[in-house]
Amino acid sequence: KSTPVDRAKAAWLYAQFVTSKTVDVKKAHTGLTFIRESTVNHDSFTERAPKLGGLVEFYRSPARTQWSPTGTNVPDYPKLAQLWWQNIGDAMSGAKTSQEALDSLCGDMESVMERLERAGIQGDIGPAMNDEEGADYWLSQPGAPKPKLDNEDEEPITVSYDELVASWQ
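All residue numbers for the sequence shown refer to our numbering, where the first residue is 1097 and numbers rise by one.
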């Protein structure tokens, strides 16, 4: 209500532009992030798929719903992405172990999402944080990952690219 009408109209036109099919296809080719189903299925991505290491096949498969039930809604993506790279950079440089970096990333992201939840600026599509629970609680939930193994360094198994992609189809 506080935005002048001409600015609101301009913002609406801009939003329509950046989410249009042609612009989204171009943005997706640059950043490899998809916001439209039609972009994932665009002929240009079918042609480019062999060079993208399974990304296109993954997004076209039912497997994508096993990884993220949130769809394309990432609360405050620019801020969360920045935290990702800061923390992963610490792990890559050796400043932190992988576990320390991921724990730090988790804490930083939770702080951002808690602030978003408190502010309520994203309404009913914003984050809704659960109460903090220990690992034992989460590991006992249906569909939870297995607890850490005593021997995390067993002999690795390499899965061929073709087998991996076939498992998604």
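Just so you know, these hints were derived from the structure itself, not from any lab. Cβ coordinates follow ideal geometry from the N, Cα and C atoms, glycine included. Hints should not be assumed to be uniformly reliable.
[Claimed, not checked] Cβ pair distances, simulated, as ranges:
1. V1114 - P1252: 40 to 46 Å
2. S1256 - R1211: 43 to 49 Å
3. A1240 - L1128: 28 to 34 Å
4. T1126 - K1242: 26 to 32 Å
5. T1099 - G1239: 40 to 46 Å
6. P1158 - G1127: 20 to 26 Å
7. H1125 - W1264: 51 to 57 Å
8. P1100 - Y1233: 47 to 53 Å
9. K1105 - P1243: 20 to 26 Å
10. H1125 - W1180: 18 to 24 Å
11. N1226 - V1119: 35 to 41 Å
12. D1102 - G1230: 24 to 30 Å
13. R1160 - D1258: 38 to 44 Å
So, going through the hints one by one against the coordinates:
no.: 1; hint: V1114 - P1252: 40 to 46 Å; verdict: holds, 42 Å
no.: 2; hint: S1256 - R1211: 43 to 49 Å; verdict: holds, 44 Å
no.: 3; hint: A1240 - L1128: 28 to 34 Å; verdict: holds, 30 Å
no.: 4; hint: T1126 - K1242: 26 to 32 Å; verdict: violated, 38 Å
no.: 5; hint: T1099 - G1239: 40 to 46 Å; verdict: holds, 43 Å
no.: 6; hint: P1158 - G1127: 20 to 26 Å; verdict: holds, 24 Å
no.: 7; hint: H1125 - W1264: 51 to 57 Å; verdict: violated, 21 Å
no.: 8; hint: P1100 - Y1233: 47 to 53 Å; verdict: holds, 50 Å
no.: 9; hint: K1105 - P1243: 20 to 26 Å; verdict: violated, 55 Å
no.: 10; hint: H1125 - W1180: 18 to 24 Å; verdict: holds, 22 Å
no.: 11; hint: N1226 - V1119: 35 to 41 Å; verdict: holds, 36 Å
no.: 12; hint: D1102 - G1230: 24 to 30 Å; verdict: violated, 53 Å
no.: 13; hint: R1160 - D1258: 38 to 44 Å; verdict: violated, 19 Å
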